[in-house]
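2 protein chains.
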Amino acid sequence: MKAFKVAIVGVTGAVGKEMLSILEERDFPVGMLLPLASARSRGKKVVFCGEEIPIQVLEEANFSGLDIVLMSAGAGVSRGYAPKAAEEGCIVIDNSSAFRLEEDIPLIVPEVNPQALSGYRRRNIIANPNCTTIISVLPLKPLHDYAKIHRVIAASYQAVSGAGAQAMKDLEFQVKNYMEGKNIAAESTGQSFAFNLIPRIDNVLDNMYTREEMKLVWETRKILNDTSLRITATCVRVPVFRSHSVAMTVETEKYVSRNKALELFEDFPGLEVQDDPVHGIYPMPLYTSGMDSCFVGRVREDISGHNSTNLWVVGDQLRKGAALNAIQIAELIANEKK
Amino acid sequence: MKAFKVAIVGVTGAVGKEMLSILEERDFPVGMLLPLASARSRGKKVVFCGEEIPIQVLEEANFSGLDIVLMSAGAGVSRGYAPKAAEEGCIVIDNSSAFRLEEDIPLIVPEVNPQALSGYRRRNIIANPNCTTIISVLPLKPLHDYAKIHRVIAASYQAVSGAGAQAMKDLEFQVKNYMEGKNIAAESTGQSFAFNLIPRIDNVLDNMYTREEMKLVWETRKILNDTSLRITATCVRVPVFRSHSVAMTVETEKYVSRNKALELFEDFPGLEVQDDPVHGIYPMPLYTSGMDSCFVGRVREDISGHNSTNLWVVGDQLRKGAALNAIQIAELIANEKK
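Those protein sequences? They're chains R and P, same order as listed.
Following numbering that gives the first Met the number 0, the residues of the first sequence are numbered contiguously, the last one being 337.
Following numbering that gives the first Met the number 0, the residues of the second sequence are numbered contiguously, the last one being 337.
By construction, these hints were calculated from the structure, which means they are not laboratory data.
There may be inaccurate statements among the hints.
Heads up, the list lumps identical chains together, so a pair's fine if it works in one copy or across two of them.
Straight-line C-alpha distance at most 27 Å; calculated DSSO-like pairs for lysine-lysine [said to hold, decoys possible]: (1) K175 to K253; (2) K181 to K16; (3) K181 to K83; (4) K175 to K1; (5) K168 to K181.
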């Protein structure tokens with residue numbers, strides 16, 4: 000198998016670190032690894048497959064000769080560096096929102112729409128979807144194929160990891176303050192995560208939805224290749240470290256019984272069913288962290304609707320919601336080149 | 000004004016304690032207070048209006064001569080003692096689910112359906128609704144009056160106080176364990192609250208809904224006096240101490256603009272609008288604890304629906320969700336007797 004020269008942009012971030020360990024775990028054929036970060040990380044090293052590799056500063060990096068560039072340093076960095084790397088012939092897998100909605104950029108969840116990868120050579124950029132979208136779209140895909148989804152009503156319960164490594168530290172620090180009888184002060188991220196819920200993630204748009212909520216709308220439509228899908232969402236930050244959860248009501252053209260839905264979910268790759276609530280079996284974010292699968296449970300017919308199904312899906316935001324999905328995309332490319 | 004002889008059953012519980020302090024705060028005309036609890040509290044005292052009052056054991060209590068009995072010691076205790084107290088001529092305001100759905104028992108949220116109190120003398124028992132229901136029904140009522148609600152899709156984010164005083168201690172203990180690098184073990188309640196979400200509250204019924212979810216369905220219909228209301232819910236425990244939050248999508252017969260909805264909410268008693276998300280103004284449970292009002296925000300037209308509104312409502316579970324609502328009911332009775 001060909002060995003790939005791989006760069007990770009944002010290697011010191013929560014997602015970048017996860018990318019590093021997933022490349023190693025999954026035995027991705029890495030011939031050379033180039034860890035990139037901002038000037039703040041100059042002189043630091045990462046450990047990959049037992050080897051210490053110095054971090055290089057992104058501004059000074061040379062992309063030429065690299066095969067795959069995994070980017071996770073925010074939309075601004077991606078806008079600046081992804082086209083550059085792509086022009087040099089690298090395939091960029093970008094975890095930011097910068098290119099997700101561009102028509103000639105594939106937006107990929109490997110279990111859901113691998114066929115949409117074709118033509119990625121036009122721009123040499125492939126977009127990794129928003130974390131909540133990736134986790135939500137796993138149960139939506141088999142429901143859509145079987146019963147055609149008309150409408151989705153989603154309420155999310157999103158971990159602080161989605162706000163970055165600093166937010167995870169803030170939650171710890173705030174909880175520690177609380178336990179010591181101090182105020183739960185907002186820290187560097189300016190948000191009070193501990194013992195709180197924040198019903199706003201990302202900017203507020205003209206329609207009074209947040210950008211996070213609209214990402215779920217826009218990206219789900221693109222991934223399921225159905226612009227007629229009606230979707231609404233309320234996205235909420237919760238004091239959980241790294242797994243996102245989503246409660247969804249899914250209206251379909253065709254009737255789907257609970258048993259049929261469970262069967263569809265059991266058969267779908269990347270998804271595991273945890274649905275025996277009588278015996279305490281349902282997905283919980285504390286126990287799904289570090290896992291590759293997403294977990295679905297609380298599946299039941301929506302008693303308020305006609306052909307409508309309720310479900311609860313949970314997945315590790317840093318793994319399937321970000322780093323793992325990006326590396327699964329890289330694997331699709333690697334397999335293509337075998 | 001007549002002074003009332005008031006008993007609190009379950010005075011050592013999270014809600015019972017709150018009842019005690021709210022009676023004092025609101026200057027309820029208490030002529031005599033009888034604090035009641037289980038035998039475990041024998042010999043203990045409560046402080047009410049600066050006075051130490053010994054707790055009496057419920058099993059040994061004499062209800063005769065009491066005017067109002069506030070009960071919050073679970074459905075089992077209420078089933079045993081409420082009819083007894085009612086027969087003695089006391090007016091029982093019961094915080095449990097024991098009597099809520101009985102046809103001749105009023106189920107009251109004073110801002111919403113005070114008229115339904117009439118006839119309470121038939122049984123001498125008035126039921127206090129489920130906490131999530133009380134908080135949800137405040138914004139639903141003005142929407143229903145203005146635009147006739149057809150359907151409600153709710154996802155709740157419920158504080159541990161709803162699981163009782165012990166659950167609040169468990170959350171603290173589990174968080175402390177975590178900060179000391181120990182396992183987040185389930186404690187006396189058997190549930191891992193810290194940094195986790197639990198998508199099951201109360202028992203699971205035949206339709207795979209939990210009883211908590213069906214309480215929202217059944218009780219909302221009764222309070223809004225509309226059996227045709229279609230309601231679905233997913234109820235989830237979150238690591239928050241004492242305020243519940245609910246994301247709701249509300250489908251109505253008539254169109255409701257965001258501005259009209261905000262106006263309806265602003266005019267409704269017991270409800271405060273916090274809705275300027277661009278500037279960080281939205282209800283958050285950390286800041287609503289200890290408050291009497293419920294807070295509504297993130298109000299917007301549901302882009303997936305026709306005549307459908309999204310909103311986010313937050314309220315203190317122990318106050319408006321339980322103790323305050325019960326004492327507001329007592330105030331309705333006290334005013335009637337003036």
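How the hints compare with the structure:
{"no.": "1", "hint": "K175 to K253", "verdict": "neither (50 Å within a copy, 49 Å between copies)"}
{"no.": "2", "hint": "K181 to K16", "verdict": "between (32 Å within a copy, 24 Å between copies)"}
{"no.": "3", "hint": "K181 to K83", "verdict": "neither (48 Å within a copy, 47 Å between copies)"}
{"no.": "4", "hint": "K175 to K1", "verdict": "neither (48 Å within a copy, 49 Å between copies)"}
{"no.": "5", "hint": "K168 to K181", "verdict": "both (17 Å within a copy, 18 Å between copies)"}
Checked against the numbered hints above, the structure breaks hints 1, 3, 4 and satisfies the rest.
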